[in-house]
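Enquirer: Residues per chain are reported as follows:
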Amino acid sequence: MSTAQLDTPRLDFASSPINRELTPERKIDLFRQMIRIRRFEQTALKFYNAGKMGGFLHLYIGQESVAVGTISLKEENDHFITAYRDHGHAIALGMGMNECMAEMYGKQTGCSKGKGGSMHFFAPDKGFWGGHGIVGGQTPLGLGLAYGLKYLNKEGCCLCYLGDGAVNQGAFHESLNLASLFNLPVVYVIENNGYSMGTSQKRSSAYRGCLAQRAEGYDMEWDVIDGSDIYEVRAKTHIAMERARKEQKPCILEIATYRYYGHSVADANAKKYRTPEEIENYKQNHDPITLFRRRLVSEGVLTEEQADAISKEAQDEAAASARFAEESPAPTAADIMTDVYWETDNNTEASKTGWHFFND
Amino acid sequence: MSRTLTYREALREGLDEELARDPNVVLLGEEVAQYNGAYKVTEGLWKKWGDKRIVDTPISEAGFIGMGIGASMLGVRPVMELMFWSFHSVAFDQLVNNAACVRYMSGGLINCPIVMRGPANGGTNVGATHSHIPEGLFAAFPGLKVCAPATPADAKGLIKAAIRDNDPVYVMENTLLYGTTGEVPDPAEGDYVVPLGKADIKREGKDISLIAHGRSVIHALAAAETLQTEHGISAEVVDLRSIRPLDVDTILASVKKTNRVVLVDESKPFGGVSAMVATLIQEHAFDYLDAPIKRVCTIDAPAIYSPHIENEQLPNPRRIVEKVRTFF
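Which chain is which? The protein sequence lines are B and E, in order.
Following the working numbering, the numbering of the first sequence begins with 4 at its first residue and continues without gaps.
Following the working numbering, the numbering of the second sequence begins with 21 at its first residue and continues without gaps.
Keep in mind that the hints were calculated from the coordinates and are not lab data.
These numbers come from a predicted model, not from an experiment.
Just so you know, not all the hints are guaranteed correct.
What the hints assert, rightly or not - Within a straight-line C-alpha distance of at most 35 angstroms, the following computed DSBU-like cross-link-like pairs (lysine-lysine) qualify:
1) B:157 with E:67
2) E:343 with E:222
3) B:249 with B:157
4) B:355 with E:226
5) B:249 with E:67
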């Protein structure tokens, strides 16, 4: 979806059935989730720049409505998996800021005990099967979660997120073929922020107009969504998830969105491959948080003062998570050797059979 | 009471027993169901267990192996057949980034109880791309377990252990062993499982240790016979069976007894299994060695097609005997 398309007046999805049933409290909660993600990441950026974290930091700022809108539709047996830009999904799924921030700090209290880092948050107890680091590599895993649901006779679906850069990976196309062939309840959500690292979609995808339309090559349903409108995200994603749950039909959703920062904080050319006007246009006219806030105020659900207070709370929570991470202990050298094999951690008879590790 | 089974039948019996034992076990791969298996390992299983348990996949290794890994995270126990282990390259990302790493990256929150199995060998005149022997490669990735059975009994016992294991296990079989026969314990005598990480002394000896795995064990046994009858040299044959975990204790005990070692390894010499075993021996049993460690590996070039010469590229009894004779 181009900027021009986004600037065209669109349908109002507030009155779609799945949005009509939202109570004022739920609406405020959606707003709170989005603002929590943004404040968390702004705080992470501040401390990343202060040298508190290693590795990459792929910020989700600008895309919050995608994670919050889709995950707000979660039912008991639904599962979620994403790529390396995973903070938004993690927090929307209920992971705590403390465990997430501590993971980025590489501390023992991190969700993966400091073994995963920014790109690898996991919370299987919340249906979150992680952030994964290889572009497109998570798409067959999402398929497998859907396969598992079907095999185990559970009505549910898997939402598998990917970026627009991942649509050109072979693993994604193999996944689409298998999903359709086996009738698996997986919904692929392409978060199209327009750029695969520094290369615009126009220069990376031969078929430029619409990425979701590739579904047709696999006899699969698809839809395109304006990600700046959380109501539209929910309305259209709900249809896809219900189809997956009830009919075990896969689907591709392409959600137009935008990232305000670079591919990662290490993206030195972040301000060169996009014009300042383009970035400013999104911030001013398409920011999902600003638009939803405005909407809720106009609906009478929220006052400006309440919105400010929610924002402040989120800011305080994020700041506290950084203090928690700062004060948490680092892993020890002995921790390097745990969580490699199930049996060596669980000290079974088999864990004593043969050498599992080969250190000098 | 044991019966004589082929390696292929023993694997099938192991798969069948595990399908019966655990309803979460499912077999997936190219031609495993209706075609009865490209190498007939899964013959009859589709008819017995049906579409849900035995699943034909498209030729799509990255897709279906990744799918199996995802399903294993959710509690299914998939056994994935690779028609040739040579095709690992198509699914390498899934095999080493997802299966090997997900437990670690999640701080132990996620397990990945998946089995990848299929033939990994040369010797069938199918040229370079179909003759890769990657057990050393995968054993180099912590998080993975790798085994390579040489006999029907071990094939059955190891596949059953692999399926019950909570970590990803890569079982390297061998097309040239599928038709070989051997004694396999009768199921009526109880559950027959060969634990991962336990080597087996296939032949006792006192002058030299021949350390091998997979089909090289068969060559080592033939060479040992020749060495005994023609040269009066008593060779001990150690079958590693499992590459990772590795039974280093059994290896070292044999070396300490015989004081000489030839490693026989169908994978390539650079960074292969024998390179690792040689390192461990010199590190832990150097003082027991009366001579340098020597190796008989696949000659260091891509696999040659020519049926006239391929067996010379691979370890074979003659090459092993010649190598041993350099000591005596």
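Enquirer: Run every hint past the structure and note whether it holds.
Expert: Now the hints, each set against the structure:
no.	hint	verdict
1	B:157 with E:67	25 angstroms, holds
2	E:343 with E:222	20 angstroms, holds
3	B:249 with B:157	11 angstroms, holds
4	B:355 with E:226	28 angstroms, holds
5	B:249 with E:67	29 angstroms, holds
Hint compliance for this structure: no hint is broken.
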